[in-house]
Amino acid sequence: MKAGVKLPDVTFRTRVRDESIEGPNPFRWEDKTTADYFAGKRVVLFSLPGAFTPTCSTYQLPGFEKGFADFQAEGIDAIYCMSVNDSFVMNAWARAQELQNVEVIPDGSGEFTRKMGMLVAKDNLGFGNRSWRYAAIINDGVVEAWFEEPGLSDNHGEDPYGVSSPETVLKHLKEAKAEVAA
Numbered sequence: 001m002k003a004g005v006k007l008p009d010v011t012f013r014t015r016v017r018d019e020s021i022e023g024p025n026p027f028r029w030e031d032k033t034t035a036d037y038f039a040g041k042r043v044v045l046f047s048l049p050g051a052f053t054p055t056c057s058t059y060q061l062p063g064f065e066k067g068f069a070d071f072q073a074e075g076i077d078a079i080y081c082m083s084v085n086d087s088f089v090m091n092a093w094a095r096a097q098e099l100q101n102v103e104v105i106p107d108g109s110g111e112f113t114r115k116m117g118m119l120v121a122k123d124n125l126g127f128g129n130r131s132w133r134y135a136a137i138i139n140d141g142v143v144e145a146w147f148e149e150p151g152l153s154d155n156h157g158e159d160p161y162g163v164s165s166p167e168t169v170l171k172h173l174k175e176a177k178a179e180v181a182a
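Counting with full-length UniProt numbering, you get residues 1 to 182 for the letters of the sequence shown.
Source of the hints: derived by calculation from the structure; they are not laboratory data. Don't be surprised by glycine CBs; every beta carbon is placed ideally from N, CA and C. Zero decoy hints are in this set.
Calculated cross-link-like contacts (lysine-lysine; reagent style BS3-like; alpha-carbon spacing at most 27 Å): (1) Lys-41 to Lys-2; (2) Lys-171 to Lys-6; (3) Lys-115 to Lys-32; (4) Lys-66 to Lys-177; (5) Lys-2 to Lys-174; (6) Lys-174 to Lys-66; (7) Lys-2 to Lys-177; (8) Lys-2 to Lys-122; (9) Lys-32 to Lys-6; (10) Lys-115 to Lys-41; (11) Lys-2 to Lys-115; (12) Lys-171 to Lys-66; (13) Lys-2 to Lys-171; (14) Lys-171 to Lys-41; (15) Lys-6 to Lys-41; (16) Lys-115 to Lys-6; (17) Lys-174 to Lys-6; (18) Lys-41 to Lys-177; (19) Lys-2 to Lys-32; (20) Lys-6 to Lys-177; (21) Lys-174 to Lys-41; (22) Lys-66 to Lys-32; (23) Lys-41 to Lys-66.
Simulated restraints on C-beta separations: (24) Lys-171 to Phe-52: 21 to 29 Å; (25) Gly-157 to Pro-26: 41 to 49 Å; (26) Glu-175 to Phe-88: 35 to 43 Å; (27) Glu-98 to Pro-150: 28 to 36 Å; (28) Ala-176 to Asn-25: 41 to 49 Å; (29) Pro-26 to Asn-124: 36 to 44 Å; (30) Ala-96 to Asp-9: 28 to 36 Å; (31) Ala-181 to Phe-88: 43 to 51 Å; (32) Pro-160 to Ala-181: 27 to 35 Å; (33) Glu-30 to Thr-168: 27 to 35 Å.
Based on the sequences and whatever the hints tell you, model everything.
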């Protein structure tokens with residue numbers, strides 16, 4: 001669907017650990033751009049409705065985290081999890097999930113998600129604007145393969161999950177690699 005599309009240029013407001021800062025909150029603001037995350041790399045990006053939500057915390061994020069070595073074996077340099085949440089929430093979720101492999105990207109204002117055409121209203125759940133669930137293989141800032149859950153719409157009554165699962169994305173990578181080898 002979006003294969004061949006160049007990612008939008010966006011600046012993400014992140015909080016990073018800084019050992020030079022004393023006290024209980026040793027973090028500083030650091031702006032990162034789309035290029036910082038995606039230029040010169042082949043990565044998996046997956047986006048979901050919200051940090052700490054059931055499907056995201058139970059299946060999708062842990063699946064990508066545990067499968068990281070399998071993705072690396074298929075030529076993936078990094079795996080990024082994005083949500084329309086601020087950096088404080090995304091960092092707390094990363095700590096709660098004990099992430100070692102997947103890096104979180106806060107799209108606090110939803111700018112990247114909106115420019116990708118994936119911003120939806122989730123007022124029916126009290127969330128406001130959030131990302132529709134999807135995954136993508138990104139090669140040097142360009143969408144190589146796209147995995148979008150069915151039913152993209154505002155206030156959808158369900159939270160479909162399967163098309164953007166780690167298992168589906170990994171299967172695609174293995175099949176694409178086998179086709180090239182054949």
